Amino acid sequence: AQSVTQLDSHVSVSEGTPVLLRCNYSSSYSPSLFWYVQHPNKGLQLLLKYTSAATLVKGINGFEAEFKKSETSFHLTKPSAHMSDAAEYFCVVSEIGSGNTGKLIFGQGTTLQVKP
Amino acid sequence: DTEVTQTPKHLVMGMTNKKSLKCEQHMGHRAMYWYKQKAKKPPELMFVYSYEKLSINESVPSRFSPECPNSSLLNLHLHALQPEDSALYLCASSPRPLGQGARGYTFGSGTRLTVV
Chain B
1309 AQSVTQLDSH VSVSEGTPVL LRCNYSSSYS PSLFWYVQHP NKGLQLLLKY
1359 TSAATLVKGI NGFEAEFKKS ETSFHLTKPS AHMSDAAEYF CVVSEIGSGN
1409 TGKLIFGQGT TLQVKP
Chain S
578 DTEVTQTPKH LVMGMTNKKS LKCEQHMGHR AMYWYKQKAK KPPELMFVYS
628 YEKLSINESV PSRFSPECPN SSLLNLHLHA LQPEDSALYL CASSPRPLGQ
678 GARGYTFGSG TRLTVV
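Residue numbers (our numbering), protein chains in the order written: chain B, 1309 to 1424; chain S, 578 to 693.
What the hints contain is simulated information worked out from the structure, not anything from laboratory work. Remember, predicted model here, so these are calculated numbers, not experimental data. C-beta: ideal position from N, C-alpha, C; glycine also. Hints may contain errors.
Unchecked claim - Distance ranges between label pairs, derived from CB positions: (1) S:615 x B:1310: 16 to 26 angstroms; (2) S:632 x B:1324: 43 to 53 angstroms; (3) S:595 x B:1326: 43 to 53 angstroms; (4) B:1337 x S:642: 27 to 37 angstroms; (5) S:592 x B:1325: 25 to 35 angstroms; (6) S:636 x B:1310: 17 to 27 angstroms; (7) S:621 x B:1419: 12 to 22 angstroms; (8) S:672 x B:1336: 20 to 30 angstroms.
Claimed, not checked - Take a look, some chain B residues computed to stay more than 12 angstroms from chain S by CB distance: (9) 1316; (10) 1319; (11) 1332; (12) 1351; (13) 1363; (14) 1378; (15) 1383; (16) 1396; (17) 1400; (18) 1412; (19) 1416; (20) 1417.
Claimed, not checked - Straight-line distance between alpha carbons at most 25 angstroms, and here's what the computed BS3-like set of lysine-lysine pairs gives: (21) S:599 x B:1411; (22) B:1411 x S:615; (23) B:1350 x S:615; (24) B:1357 x S:596; (25) B:1423 x S:586; (26) S:630 x S:599; (27) S:617 x B:1357; (28) B:1423 x S:595; (29) B:1350 x S:618; (30) S:617 x B:1423; (31) S:618 x S:599; (32) B:1377 x B:1423; (33) B:1350 x B:1376; (34) B:1376 x B:1366; (35) S:615 x S:586; (36) B:1366 x B:1377; (37) B:1411 x S:595; (38) S:618 x B:1411; (39) S:630 x B:1366; (40) S:630 x B:1411.
Please put together the full structure from these sequences, using the hints given.
Quick look at the structure:
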C-alpha cells in the first residue's frame, strides 16, 4: 500500500533563508507526486507535480522539488523564504497502475513558519 | 475559468437543520470530489463522482448526501449533523476520474461548517 511521510511537522526559517520540507513516499507503482500549500482558512493550492517526466520539478512562487527514486523522496525546496510562504504544506501521492484507484494519499502536513 | 467555486464560505447550522453546500467548476473536468478537513489534519476523502455518477463513498454517514446534477455542479446535502461534523469541507475536481490517470486536482477554498 502506498503511503507518504512528511518528516517534519513544523519547520521554522528566517526570511531570506532557504526552505527544505522533507517528504518520503512508499509506492508499488510509478507514483504521481504533488506538493500542495494551504494558507490559514483557505483551500489547497497546487505548488508542483511530478508525473514521470523530469525528476527536477519547478513550481509556482519559486518552489521546486526533486524526485529521487533510489531514496523514495520528493523534498520541497525554495532558495529564499518570504513571509507569505508561511502556511501548511502537504506532500501527496497518487498511484496510477493496474488495480489502483488513483486516490490521493496525503502526508500529515508540515507547518512552515517564517520569521522576520 | 480555472477555478473551483464553493458556496457558502461559512455556514453555522443547528443539529436539526437541513442545509446544502455547493461546488461548481467550468473546466470540463469529469471527476469531482468532496473532502472533509479537521483542524491541523490533512483532508479526508468522502465521495467521488465520475462522469456524474457516484463511484466512491468512503463509508460516510448517511446524514451527508451528495448529489451531482450535471458535470459542472456538485452538492452536499446536510441533515441532522453532529457537532463533531464541524470542519472545513473541500470540493475538488480533476480532468479524468480516479483510476484513469487522474493527474492534477483543483481544490476550492472550502466551506467552513460549524454545527451547534
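Hint check:
For the hinted restraint 16 to 26 angstroms between residue 615 of chain S and residue 1310 of chain B, the CB-CB distance of approximately 22 angstroms keeps it satisfied. Range check, residue 632 of chain S to residue 1324 of chain B: about 47 angstroms between beta-carbon atoms, so the 43 to 53 angstroms window is met. Separated by about 51 angstroms at the C-beta atoms, residue 595 of chain S and residue 1326 of chain B satisfy the suggested range of 43 to 53 angstroms. Between residue 1337 of chain B and residue 642 of chain S the beta carbon distance is about 34 angstroms. The supplied range of 27 to 37 angstroms therefore holds.
In this structure the supplied range 25 to 35 angstroms is violated for residue 592 of chain S paired with residue 1325 of chain B, their Cβ-Cβ distance being about 48 angstroms. Take residue 636 of chain S and residue 1310 of chain B: their Cβ atoms lie about 20 angstroms apart, and the range 17 to 27 angstroms holds. Look at residue 621 of chain S against residue 1419 of chain B: about 19 angstroms separates their beta carbons, and that is inside 12 to 22 angstroms. The hinted window of 20 to 30 angstroms between residue 672 of chain S and residue 1336 of chain B holds, with their beta carbons roughly 24 angstroms apart.
Listed as outside the interface, residue 1316 of chain B is consistent with that label: its C-beta sits roughly 14 angstroms from the nearest C-beta of chain S, beyond the 12 angstroms cut-off. Every CB of chain S lies more than 12 angstroms from the CB of residue 1319 of chain B, the least distance being 15 angstroms, so the non-interface label holds. No Cβ of chain S comes within 12 angstroms of the Cβ of residue 1332 of chain B; the nearest lies about 16 angstroms off, and the non-interface call holds. Residue 1351 of chain B, annotated as away from the interface, has a beta carbon of chain S within 12 angstroms; the closest lies near 4 angstroms.
Separation of residue 1363 of chain B from chain S is adequate, the least Cβ-Cβ distance of about 17 angstroms exceeding the 12 angstroms criterion. No Cβ of chain S comes within 12 angstroms of the Cβ of residue 1378 of chain B; the nearest lies about 23 angstroms off, and the non-interface call holds. Distance check for residue 1383 of chain B against chain S: the nearest CB is about 18 angstroms away, which clears 12 angstroms, and the non-interface claim stands. Non-interface status of residue 1396 of chain B relative to chain S is broken: a Cβ of that chain comes within 12 angstroms, the nearest being about 8 angstroms off.
Annotated as non-interface, residue 1400 of chain B brings its C-beta within 12 angstroms of a C-beta of chain S; the closest such distance is 8 angstroms. Non-interface status of residue 1412 of chain B relative to chain S is broken: a Cβ of that chain comes within 12 angstroms, the nearest being about 7 angstroms off. Distance check for residue 1416 of chain B against chain S: the nearest CB is about 6 angstroms away, which does not clear 12 angstroms, and the non-interface claim fails. The Cβ of residue 1417 of chain B does not lie farther than 12 angstroms from every Cβ of chain S; its closest approach is about 6 angstroms, which violates its non-interface assignment.
Taking the CA atoms of residue 599 of chain S and residue 1411 of chain B, the gap is about 22 angstroms. The hint holds against a cut of 25 angstroms. Among the hinted pairs, residue 1411 of chain B with residue 615 of chain S is consistent with the structure: their alpha-carbon atoms are about 19 angstroms apart, no more than 25 angstroms. Pair hint residue 1350 of chain B plus residue 615 of chain S holds up; C-alpha atoms about 13 angstroms apart against a cutoff of 25 angstroms. Of the pairs offered as hints, the one joining residue 1357 of chain B and residue 596 of chain S is violated, with about 35 angstroms between alpha carbons and a cut-off of 25 angstroms exceeded.
Taking the CA atoms of residue 1423 of chain B and residue 586 of chain S, the gap is about 30 angstroms. The hint is violated against a cut of 25 angstroms. Restraint check: the Cα-Cα separation between residue 630 of chain S and residue 599 of chain S comes to about 17 angstroms, which is no more than 25 angstroms; the hinted pair holds. For a cut-off of 25 angstroms, the pair hint linking residue 617 of chain S to residue 1357 of chain B stands: about 23 angstroms separates their Cα positions. For the suggested pair residue 1423 of chain B and residue 595 of chain S, the alpha carbons sit about 44 angstroms apart, so the restraint of at most 25 angstroms is broken.
For the hint pairing residue 1350 of chain B with residue 618 of chain S, the CA-to-CA distance comes to about 14 angstroms; that is within 25 angstroms, so the pair holds. For the hint pairing residue 617 of chain S with residue 1423 of chain B, the CA-to-CA distance comes to about 20 angstroms; that is within 25 angstroms, so the pair holds. Pair hint residue 618 of chain S plus residue 599 of chain S holds up; C-alpha atoms about 23 angstroms apart against a cutoff of 25 angstroms. Pair hint residue 1377 of chain B plus residue 1423 of chain B does not hold up; C-alpha atoms about 33 angstroms apart against a cutoff of 25 angstroms.
Straight-line distance between C-alpha atoms of residue 1350 of chain B and residue 1376 of chain B comes to about 30 angstroms, which puts the hinted pair past the 25 angstroms bound. With a C-alpha separation of about 15 angstroms, the suggested pair residue 1376 of chain B and residue 1366 of chain B falls inside the 25 angstroms cut-off, and the hint holds. Annotation: proposed proximity of residue 615 of chain S to residue 586 of chain S holds, straight-line Cα distance about 16 angstroms (limit 25 angstroms). For the hint pairing residue 1366 of chain B with residue 1377 of chain B, the CA-to-CA distance comes to about 17 angstroms; that is within 25 angstroms, so the pair holds.
A threshold of 25 angstroms between alpha carbons decides the hint, and for residue 1411 of chain B with residue 595 of chain S the separation of about 30 angstroms lies outside it, so the pair is violated. Using a Cα cut-off of 25 angstroms, the hinted pair residue 618 of chain S and residue 1411 of chain B holds, with the two alpha carbons roughly 17 angstroms apart. For the suggested pair residue 630 of chain S and residue 1366 of chain B, the alpha carbons sit about 35 angstroms apart, so the restraint of at most 25 angstroms is broken. Our distance criterion of 25 angstroms between C-alpha atoms is met by residue 630 of chain S and residue 1411 of chain B, whose separation comes to about 17 angstroms.
Consistency note: the structure conflicts with the earlier hints numbered 5, 12, 16, 17, 18, 19, 20, 24, 25, 28, 32, 33, 37, 39.
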